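J.: Below are the chains, spelled out letter by letter.
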Amino acid sequence: MTPYTPVHVGSVTKYVVIESFDLTPADLAIRAYEISKGAMIKETCFGLVINGREDEVNRIIAGLRKIDPDHIFVKDRGFPPGDPRRCRANLGGARPGYNGMEYEMTIIPYISHGLEELNKKDATAVPPPANPLEHPLLDISRLKKLIDAQES
Amino acid sequence: MVKVFIYPATSLILSDMVARFGHTPLSSATAIRERVQTAGLESPPLQITPEEPKKGLKWAAVEVPAGVRGRMSLYGPMIEAAGAAIIINDADLAFGCMGCARTNELVKFLLHQKEMPRLELNYPKNEDEGVKFVAAIKRFLTELGAAK
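Sequence lines, in order, name chains C and L. According to my numbering, the first sequence is numbered sequentially starting from 1. According to my numbering, the second sequence is numbered sequentially starting from 153.
Don't read these hints as lab results, they were simulated from the structure. Computed from a prediction, not measured in an experiment: that's the story for all the values here. Possibly wrong hints are sitting among the right ones.
Claimed, not checked - Straight-line alpha carbon distances no greater than 30 Å define the calculated DSSO-like cross-link-like pairs of lysine-lysine that follow:
1. C:Lys121 / L:Lys290
2. L:Lys266 / L:Lys290
3. L:Lys155 / C:Lys37
4. L:Lys290 / L:Lys206
5. C:Lys121 / L:Lys155
6. L:Lys290 / L:Lys155
7. C:Lys66 / L:Lys266
8. L:Lys155 / L:Lys207
What the hints assert, rightly or not - Distance ranges between label pairs, derived from CB positions:
9. L:Ala299 / C:Leu138: 33 to 41 Å
10. L:Thr190 / C:Gly92: 22 to 30 Å
11. C:Ala125 / L:Ala253: 34 to 42 Å
12. L:Glu279 / C:Arg88: 28 to 36 Å
13. L:Glu257 / C:Pro136: 35 to 43 Å
14. C:Asn58 / L:Ser195: 54 to 62 Å
15. L:Glu203 / C:Glu116: 29 to 37 Å
16. L:Glu232 / C:Ala94: 55 to 63 Å
We put the beta carbon where it would ideally sit given N, CA and C, even for glycine.
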């Protein structure tokens with residue numbers, strides 16, 4: 001049993017992910033360094049990892065969001081940047097947890113489009129999405145089409 | 153500001169949407185952060201110690217595998233603290249070993265058992281669905297803010 005001494009206690013770490021044709025992680029990193037007051041900022045292939053006091057991290061993220069609000073996405077991270085238990089530099093291959101983010105990166109363009117559209121119109125005017133818990137019965141006409149397609 | 157449990161708990165999209173529209177997302181990162189920043193005995197990689205499956209007994213029976221109970225020690229307190237939930241039902245990224253799969257079932261079950269506002273969605277598959285997806289979340293979170 002080895003005693004565990006945590007590092008960066010009391011800090012928060014957040015991912016800033018960009019999905020944009022106009023902005024690169026390097027642009028965002030430069031802006032983050034400009035407005036940062038003591039936070040740790042790491043540039044990655046998908047955006048930034050920012051670590052520091054919660055109010056400072058939130059202030060930086062609020063500043064970054066202003067650049068391209070519909071194409072910048074933020075989420076919490078449990079580990080500080082470069083932590084040997086998570087960093088791919090130590091482990092090799094994709095960072096554990098990256099696969100989930102990679103999957104959502106394929107959906108994020110639709111989300112960005114949704115955010116852009118909602119800047120132009122009211123959310124209450126948009127019809128609700130299909131209820132995923134409903135399993136609609138097979139329509140008779142569709143069933144007939146399927147049968148016809150099989151028979152022909 | 154309402155604490156909103158997100159499923160999948162690692163979702164970037166849901167975490168961002170909840171924070172963007174003025175509420176607090178409850179994600180697995182915040183639960184892991186608590187453990188990673190607390191001194192104790194070294195238990196890499198997630199600092200899940202043998203104590204966690206014991207804490208998980210509150211939500212899962214003793215014959216349930218320790219993997220599920222250990223995970224429930226992360227998610228259980230968050231579900232109890234949550235004032236609302238957003239669930240994505242076709243989240244293939246939440247797929248994993250039996251521990252993950254059974255924990256996901258139990259988390260969804262507990263979210264459905266708890267009486268609180270709940271939004272059920274699927275991931276959008278095109279731009280039109282993207283607009284509906286974002287609008288549904290925005291409406292849900294705005295009504296949540298107005299109700300509190």
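J.: Determine for every hint whether it applies to the structure shown.
T.: Here is how each hint holds up against the structure:
Of the supplied pair hints, the one linking Lys121 (chain C) and Lys290 (chain L) holds, its CA atoms being roughly 12 Å apart against a limit of 30 Å. The suggested pairing of Lys266 (chain L) with Lys290 (chain L) holds, with an alpha-carbon distance near 22 Å, which does not exceed 30 Å. The straight-line distance between the Cα atoms of Lys155 (chain L) and Lys37 (chain C) is roughly 29 Å, inside the 30 Å bound, and the hint therefore holds. Our distance criterion of 30 Å between C-alpha atoms is broken by Lys290 (chain L) and Lys206 (chain L), whose separation comes to about 38 Å.
Proposed proximity of Lys121 (chain C) and Lys155 (chain L) is supported: the alpha carbons are some 27 Å apart, at most 30 Å. Simply put, Lys290 (chain L) and Lys155 (chain L) have alpha-carbon atoms about 15 Å apart, close enough for the 30 Å limit, and the pair holds. With a C-alpha separation of about 37 Å, the suggested pairing of Lys66 (chain C) with Lys266 (chain L) is violated against the 30 Å cut-off. For the proposed pair Lys155 (chain L) and Lys207 (chain L), the alpha carbon gap of about 22 Å is at most 30 Å, so the pair holds.
For the pair Ala299 (chain L) and Leu138 (chain C), the supplied restraint of 33 to 41 Å holds, since their beta-carbon distance comes to about 38 Å. At roughly 28 Å, the beta-carbon separation of Thr190 (chain L) and Gly92 (chain C) lies within the given 22 to 30 Å, and the hint holds. Take Ala125 (chain C) and Ala253 (chain L): their Cβ atoms lie about 39 Å apart, and the range 34 to 42 Å holds. Our hint of 28 to 36 Å for Glu279 (chain L) and Arg88 (chain C) holds, since their Cβ atoms are close to 32 Å apart.
Distance hint check for Glu257 (chain L) and Pro136 (chain C): the Cβ-Cβ separation is about 24 Å, which falls outside the suggested range of 35 to 43 Å. Between Asn58 (chain C) and Ser195 (chain L), the C-beta spacing of about 30 Å breaks the proposed range 54 to 62 Å. The hinted range of 29 to 37 Å is not satisfied by Glu203 (chain L) and Glu116 (chain C), whose Cβ atoms lie roughly 47 Å apart. Between Glu232 (chain L) and Ala94 (chain C) the Cβ separation comes to about 33 Å, which falls outside the hinted range of 55 to 63 Å.
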